[in-house]
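Trainee: Going down the list, the protein sequences come from chains Z and G. So that you can map any letter, position 75 of the first sequence is 74 in numbering that gives the first Met the number 0, and since no number is skipped, the others follow by simple counting. So that you can map any letter, position 167 of the second sequence is 166 in numbering that gives the first Met the number 0, and since no number is skipped, the others follow by simple counting.
Among the hints, a few may not be true.
Pulled from the structure, derived: some chain G residues nowhere near chain Z, Cβ distances all over 12 Å [to be verified]:
no. : residue
1   : L69
2   : K82
3   : Y225
4   : P238
Chain G side only, calculated, beta carbon under 8 Å to chain Z, not exhaustive [to be verified]:
no. : residue
5   : L2
6   : E5
7   : I7
8   : S11
I should point out that these hints are in silico values taken from the structure, not numbers from a laboratory. Note that the Cβ used here is the ideal one computed from N, Cα and C, for glycine as well.
The lines below spell out each chain.
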Amino acid sequence: MDEIKFNEQADITDQVCPMTFVKAKVSIDELEDGEVLAIRMNDGEPVQNVPRSMKEEGHKILKLHNNQDGTYTLYVRKVEEG
Amino acid sequence: MALTDEQIERYSRHIILKEVGAKGQKKLLNAKVLIIGAGGLGAPAAMYLAAAGVGTIGIADADDVDLSNLQRQIIHSTEDVGKPKVKSARETMERMNPGVKVNTYHMFVDAANIRELIREYDFIIDGTDNFPAKFLINDACVLEKKPFSHAGIIRFKGQLMTYVPGEGPCYRCVFKEPPPKDAVPTCKQAGVIGAMGGVIGSLQAMEAIKYIIGKGELLTGYLLTYDALTMEFRKVGLPRDTRRCAVCGEHPTITEPVDYELNVCEDKI
């Protein structure tokens, strides 16, 4: 199904804004440059905001996968700022 | 060391910031800041640093809380009158953030003890109200190679600058030596608008935080002045006096901190 390999995963389905992004950000901050984080999140507000916020941080969005159960998994490659 | 869920929530508005993130918050949690003077400047600085999660905060002051302090020294409350200021300050900081370690120094900071006192800290905040103490802190920080934030407030005016070793002028490059006695009134004689400590002390906390997280531009090589009546901020560039400065210049004549005589009517640190 998913062919993207990831280094770490985070589940933020139990969070609400802004802690959804905060938790995701703490997880990606722990990674090395170039590593991939898989973030599972609820449909709705998190899917609208978390990918955009990750992009604003300078990270690369690889894929947003619909898990068909009301959740999505976002694959993000960490881009360390220069 | 990973952040706990409680820390992630407490510091979430920091972590959201691109310039801070989990990394910057961890730097704050590992940082040690010393505040000299728990008064008008030190009060807001200490409170913002405690709230920000600066892991170790030292606070030095020999005085007890006086009723006339409460108009501006917001870390102390009416019930604290008579208590050592450092004790009252520690209690407020610990109530705000139990995760912060507060070291108290209930003593006059002088030439004999300042070098050892500042040695274990990463950044020093000068929250004192007299020139002898300001020169003492400057000289000790230059000699110990410690960054510090200088500030002063009087009436409706305030000023601050930041010293980072090797990166700009020290306080003595700019002001040479304390003014003659009675040339400048103390804030006890002249008065000071309470919120001025809030403005300038908070800016000192901001400088400490930026230094710790390593982001942005500091007030190194600049004096920022604020006039509340005209509502003007001015940022004045200051050159380093590498040739002639008595403490940080090429041929320093000051190699140990000095105690200047204090006006009798002045408050000590």
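Trainee: For the restraint on G/S11, tell me whether the closest CB of chain Z is nearer than 8 Å.
Mentor: holds, 4 Å
Trainee: Closest CB-CB distance from G/Y225 to chain Z, is it above 12 Å?
Mentor: holds, 32 Å
Trainee: Against chain Z, with CB atoms and a cut of 8 Å, does the hint on G/E5 hold up?
Mentor: Not OK, violated: G/E5 not within 8 Å of chain Z, min 12 Å.
Trainee: Measuring from the C-beta of G/L2 to each C-beta in chain Z, is the shortest one below 8 Å?
Mentor: Nearest chain Z Cβ about 6 Å off; hint holds.
Trainee: Using Cβ atoms and 12 Å as the threshold, tell me whether G/P238 really stays out of contact range of chain Z.
Mentor: The assertion about G/P238 holds, with a minimum of 31 Å to chain Z.
Trainee: Once the closest CB in chain Z is found, is it more than 12 Å from G/L69?
Mentor: At about 36 Å from chain Z, G/L69 clears the 12 Å cut-off, so the statement holds.
Trainee: Hey, does G/K82 actually stay past 12 Å from chain Z on C-beta?
Mentor: Check passes; 38 Å lies beyond 12 Å.
Trainee: Taking the closest Cβ pair, is G/I7 under 8 Å from chain Z?
Mentor: Holds: closest Cβ of chain Z sits about 6 Å from G/I7, inside 8 Å.
Hint 6 from the earlier list is the only one contradicted by this structure; the remaining hints agree with it.
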